[in-house]
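S.K.: The primary structure of each chain is shown beneath.
Number of protein chains: 2
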Amino acid sequence: MFVKNKMYLASKSPRRNELLRGMGFDFEVMPTNVKEAYPADLSPAEVAEYLSALKLSTIDFQQFPKGSLFIACDTIVVVGDEILGKPKDADDAYRMLRLLSGREHEVISGLTVMTEAKKLTRHRTTKVKFRELSDEEIHYYIENYKPFDKAGAYGVQEWIGYVGIEYIDGSYYNVMGLPTQLLWQMLSEV
Amino acid sequence: MFVKNKMYLASKSPRRNELLRGMGFDFEVMPTNVKEAYPADLSPAEVAEYLSALKLSTIDFQQFPKGSLFIACDTIVVVGDEILGKPKDADDAYRMLRLLSGREHEVISGLTVMTEAKKLTRHRTTKVKFRELSDEEIHYYIENYKPFDKAGAYGVQEWIGYVGIEYIDGSYYNVMGLPTQLLWQMLSEV
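Chain order of the listed sequences is A and B.
Sequential numbering of the first sequence, starting at 2, is according to this note's numbering.
Sequential numbering of the second sequence, starting at 2, is according to this note's numbering.
Just chain A, same shape as in the assembly (with noise of 0.2 Å):
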């Protein structure tokens, strides 16, 4: 409802699908090919937005039909200076967790809408804090829950996030990868 123009989400998360999908969307899903990789000199929140603004940077507009919009969207996870994406592995996992243990991090989305005519990007960031974990959790977790293709190595929708975490202060869809709110206000616009 209230948006009219086919959408392409430039994302294969099944938790970014499903949140679009919650959102009342129809839309497609469009693999995209770029690296991920990011000038040096930019603040986390500057990295989010260049990133997601980046998976949309290849698109041709005479391949779609008239008035396709396009989403695309890049969260990270920061905690004190060091930008946290996908583990390597398991041992990876353990570092990143243990790191976010008992601290707050922040989880920063940057997103990007895209039309032929306009295209914006802006970003949200949302607080975590997890209590201290025990070993014994954070093995537990990694072990049942392989989280490999997550940034900063958890899930806020899994296990550790229902037991562990002990507040989010901002947009807990942001958190779960996409800011349902922000895209909701950016469509809007557009």
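It should be emphasised that the hints constitute simulated quantities derived from the structure, not laboratory data.
Treat the hints with care, since some could be wrong.
Put simply, identical chains are the same to the list, so a pair is met inside one copy or across any two.
The calculated DSS-like cross-link candidates involving lysine-lysine, where the alpha carbons are at most 30 Å apart (straight line), are [said to hold, decoys possible]:
{"#": "1", "residue 1": "K120", "residue 2": "K130"}
{"#": "2", "residue 1": "K5", "residue 2": "K130"}
{"#": "3", "residue 1": "K5", "residue 2": "K147"}
{"#": "4", "residue 1": "K7", "residue 2": "K147"}
Position chain B relative to chain A; hints supplied.
M.R.: Using the frame of chain A, we list chain B on its own:
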């Protein structure tokens, strides 16, 4: 994992069931038959705690295996001085959502965990802010999602939550109906 007692949940809510399963527990659902009335002089947090304890007040331990553990939860929505329960009909749902539109409210869950030897009751409060909702949006939501079984007439995990919530300050799962991290903590104490 981590809990060996036989576990019973005094709630038929599919959302609470899903969250408790997500925490990795095996449990049985146990219907309760108490009238949800409370003394008039209680604060909202006391009301939520009182109602959660009330749901376990008729347990006969003789009828359950030794060492059984019981969980009950009650979630209320508080806006200004008013406690919002479940809406009576579509008009009442409209009134509630119009009241929640454009302002912050509180979601309070009272949680009781009980064994034959011990009983704990606590609550958790989460702040939720809706942006201004249009009449069109409110009517669309009520017609399509029929939120008549939900305190405050909305489900955070439904369309209105995706597009209308500006921020959540605290536990998302509390708003969904079960403060999972508080429960985890209380289980470790029982």
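S.K.: Against this structure, judge whether each hint is valid.
M.R.: Against the structure, the hints:
1. In this assembly of identical chains, K120 and K130 lie within 30 Å of each other by CA distance solely across copies; the values are 28 Å between and 33 Å within a copy.
2. In this assembly of identical chains, the alpha carbons of K5 and K130 lie at most 30 Å apart only when taken from different copies (28 Å versus 39 Å within one copy).
3. For a Cα distance limit of 30 Å, the shortest separation of K5 from K147 across copies, 24 Å, qualifies, whereas the shortest one inside one copy, 38 Å, does not.
4. Only between protomers do K7 and K147 lie at most 30 Å apart by alpha-carbon distance; the minimum there is 28 Å, versus 35 Å within a single protomer.
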